[in-house]
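Chains as they are written, first to last, in the UniProt record's numbering: chain C, 1 to 171; chain L, 1 to 796.
Please keep in mind that the hints were generated in silico from the structure rather than gathered at the bench. Glycine included, every Cβ here is placed at the ideal spot set by N, Cα and C. Be aware that one or more of the hints could be misleading.
[Stated by the list, open to error] Computed far set for chain L versus chain C, every beta-carbon distance over 10 Å:
id : residue
1  : Pro46
2  : Phe169
3  : Gly175
4  : Asp454
5  : Glu584
6  : Glu635
7  : Thr734
8  : Asp770
[What the hints assert, rightly or not] Output of the computed footprint for chain C on chain L, the stretches with three or more beta carbons under 8 Å from beta carbons of chain C:
id : region
9  : 25-31
10 : 683-693
[What the hints assert, rightly or not] Short, incomplete list of chain L residues facing chain C, as computed with Cβ under 10 Å:
id : residue
11 : Glu206
12 : Gln680
13 : Leu715
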Amino acid sequence: MRITVTVDGSKYTDDVEPRMLLVHYLRERAGKVGTVVGCDTSNCGACTVHLDGHSVKSCSVLAVQADGCEVTTVEGLARDGRLHPVQQAFHDNHALQCGFCTPGMIMQSIDLLADNPDPDEQAIREGLEGNLCRCTGYQNIVRAVRDAADHMSPGAGPEAEQIKHVGVGGE
Amino acid sequence: MTATVEPEVGKARRRKEDERLITGRTRWTDNIALPGMLHLAVLRSPLAHARITSIDPSAAKELPGVIAVYTAADLDPEGSIGMPCAWPVTPDMAAPRRPVLAAERVNFAGEGVAVVVARSAAEAHDALEAIEVDYDELPPVLDMEAALAEGAPLVHEELGSNKNAVWVFDSAGAGTGGDVEQALSSSEIVLKRRFRQQRLVPAFMEPRACVVDPTGPQLTLWSATQVPHILRVMAALTLGIPEHKLRVIAPDVGGGFGGKIAVLPEEMMALLIAGKLGKPVKWNESRSETMLAAHHGRDQIQDITVSANADGTLTGLKVELLANLGAYNGLVGPGVPILGAFMFNAIYKIPAYHFACTNVFTTTTLTDAYRGAGRPEATFAIERIIDELADELGMDPLELREKNWIRHEEFPYTTVAGLTYDSGNYEAATAKAKELFGYDALRREQAERRAANDPVQLGIGVSTFTEMCGLAPSRVLGSLDYGAGGWEYASLRMLPTGKVEVTTGASAHGQGHETAWSQIVADQLGVPFEDVEVLHGDTQSAHKGMDTYGSRSLVVGGIAIVKAAEKVVAKARPIAAHLLECAEDDLEFTGGRFVVKGTESATTIQDIALAVFAAHNLPDGVEPSLDSDATFDPENFSFPHGTHLCAAEVDTETGRVSLRSYVCVDDIGKVINPLIVEGQVHGGLAQGIAQALYEEAVHDESGTLTTGTFADYLLPSAADLPSFTTARTETPSTTNPLGAKGVGEAGTIASTPAVVNAVVDAVRQFGVDDIEMPLSPMRVWRAVQSGAASNDGGAQ
Ligand code: FES
Ligand code: FES
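Using the sequences and the accompanying hints, generate a full structural model.
See below:
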């Protein structure tokens with residue numbers, strides 16, 4: 001089947017097998033190897049990307065379902081040489097160790113903040129329930145999301161703008 | 001030029017590693033794509049124990065994209081290749097050959113029986129189903145005690161027994177203490193308990209993977225491994241590949257926790273197949289394969305006996321272990337319980353000690369190192385039984401610990417297990433933990449809730465610990481029959497522009513070596529943090545090493561870097577004296593500058609690097625080089641310690657446990673980067689708490705792993721864990737120049753007993769004195785019910 005997908009701002013048209021998962025399409029066809037696979041049961045969240053602005057586990061979506069959609073991966077977040085505020089917050093708060101879960105965590109955190117720009121600790125923990133991390137014990141991830149929320153709150157400056165454009169991507 | 005430079009060591013530097021990881025510009029092994037690369041998929045036995053009567057790959061070979069299918073007969077026709085075990089714990093240890101692919105028998109569900117090579121990973125996986133294997137099922141061997149009984153079915157018939165080895169330490173025999181039997185028979189209190197260490201899955205987030213490229217001048221093996229250097233040696237020894245023809249690279253590696261310490265049959269298959277076909281190959285496993293075939297951890301039965309006087313003074317300790325090795329000896333699997341032998345006596349002064357461990361083969365996945373390896377198991381048993389003893393004596397558990405621990409002024413202290421603890425201050429860590437926790441107020445609240453028969457009871461869990469970190473010393477490892485040394489290697493190169501390239505044999509997988517090592521080098525040479533680049537995980541750049549496990553990176557590898565830097569400074573000194581036209585003795589090296597004492601005359605080490613590059617004006621006979629390398633082998637282990645306190649609320653009506661607060665004060669000596677340290681502690685706590693409350697790898701009675709995915713194996717999410725309060729005391733280690741002790745395992749070691757002690761404490765009034773891990777709501781509820789029932793109808 002022929003599909004057309006916009007990934008991180010660039011348009012791709014490809015023939016894919018109907019059974020191909022979006023995550024494999026992104027990694028193998030679009031070369032977006034920043035998005036990784038951690039499980040085969042849709043439990044770990046390592047493969048989380050945004051599909052038309054909302055987070056999905058790209059191992060539970062078929063590539064054909066993304067036909068005509070916009071996909072943003074972790075590689076499409078930084079713009080004009082500047083990190084997305086959530087990326088920056090992960091760095092600032094030491095919210096990663098091996099970094100394998102990190103792309104998925106960041107994508108999920110951005111979605112969480114789009115839904116709830118001012119989450120408390122409990123809301124953050126529940127919002128990240130579908131993403132597993134083995135290294136950090138989550139505490140610094142929770143802290144990073146809270147820190148990003150503070151930076152992105154209305155009036156916090158130009159970074160606040162970026163969240164609105166997420167899902168449109170662009171490199 | 002600044003005269004005084006703020007020290008880098010101790011600064012909460014944000015990590016250099018992060019940039020590529022948060023932007024997705026990473027080099028995971030699975031990201032490597034080479035021209036003409038083929039893909040491997042392994043057919044795994046569905047049965048725990050069976051004779052293979054036939055394998056027919058012909059249908060699979062016809063499928064689209066399939067290049068070849070190999071069985072043991074193709075890859076190892078002589079049947080001579082055996083996976084290595086580096087730790088034969090006794091001279092008579094049973095060492096059955098572990099083949100790369102099973103030939104006649106499979107000994108655990110998940111063991112490889114054939115491997116498909118295809119153009120794509122999907123085609124390789126599709127072809128697995130078309131391989132016909134006939135099995136003659138044999139009885140599984142699952143229970144360790146049953147496996148040792150007379151007439152038990154045998155995992156390896158040729159051995160005549162399921163026993164791998166028996167390893168014994170006795171303080172009377174070793175001359176480190178008294179006779180334990182005498183202590184037990186002459187003491188006022190003797191308490192015996194049996195604890196189980198359930199089987200766990202290390203569950204690194206990146207599944208294992210490897211790529212082999214045979215097309216270059218050397219064979220290159222990329223692997224998601226913790227041990228690229230050990231892997232190169234082992235591959236050379238196992239397959240006879242000339243070592244200089246093999247380059248091993250551990251690129252970005254997504255977690256390890258001991259789970260990536262093994263040398264894999266899949267790595268050997270990939271090397272053999274790439275060699276046969278002359279084409280690059282990749283193997284990348286699914287999570288379900290990881291769960292089945294990557295080694296597991298823990299799985300011990302611990303019989304522990306303590307004796308004490310009525311005032312609480314400990315008089316003796318006896319430990320008898322059964323350790324489940326699974327189907328074969330892993331790389332260091334047989335040695336894991338032995339590491340624990342030195343830690344059961346923990347922080348206590350105990351006059352007599354006896355330890356005996358029996359390693360057992362079963363038809364299950366291998367067990368091997370998992371975060372802490374032997375030491376969490378030991379700490380659990382001693383810290384649980386100390387709590388039980390406190391209850392028996394009617395003492396506060398902290399008071400009992402205090403009565404028996406080694407006092408600050410008694411260090412260095414040689415323990416009954418024969419180790420010399422260099423430094424420690426259990427008083428300080430405990431006092432700080434108590435205060436942060438609000439110990440006395442929580443005890444009062446606990447009493448109130450008990451008196452009020454509150455359905456939600458409060459429990460307070462105490463756990464103190466110490467561990468032996470920094471494996472080396474090589475001669476000690478030798479005395480334990482470990483097959484390699486424990487030294488670590490570093491090299492340091494000053495580049496012409498004054499930048500510094502450092503290599504380390506300690507290959508990182510999340511520990512932040514690039515940052516921490518840069519901090520060390522920045523201080524040693526007085527150069528900016530940004531001017532240092534750390535190279536690791538590649539046997540070509542970091543040409544030798546012992547890799548990363550057991551919290552050894554800093555206390556062995558970090559010191560090797562200090563030594564290498566000292567050599568560079570020593571090399572620079574005569575050059576500086578020559579350039580400044582003074583005597584070497586007149587020079588002071590401080591903040592990156594050689595200064596002629598008492599004058600303004602100075603030059604920086606970075607300027608000297610350029611002078612050395614030009615080599616126009618060097619003293620006679622001096623080699624134009626500011627490079628060095630160093631290998632460090634410490635004289636002793638290091639001994640971090642800490643006090644962990646946990647408050648758990650237990651709903652006695654549902655069995656649900658929630659952690660209300662968790663406080664830990666760790667003493668890891670000198671800290672290089674507090675940010676990294678805190679992160680390591682958090683992660684360790686999460687893993688230890690998960691052992692207490694959530695995780696368990698379960699085999700059914702046929703030997704099938706029923707917890708084979710993340711849907712069944714309960715890895716905690718953010719919603720399952722609390723926030724932790726972490727703090728530190730700092731008692732420098734006296735056995736290395738940095739005074740560091742190591743932190744990677746601390747959280748895991750202490751947290752499991754802290755949590756279980758808290759839960760037992762919460763429901764003790766129902767007559768509960770133990771609950772098996774993981775403390776699921778069902779187990780806790782049952783314990784309360786049966787305790788209440790046996791308690792004359794319950795305490796309520
Ligand atoms: S890989 Fe998609 S959820 Fe695990
Ligand atoms: S940082 Fe390693 S799994 Fe999250």
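Task: Ascending list of hint numbers which this structure does not respect - done: none
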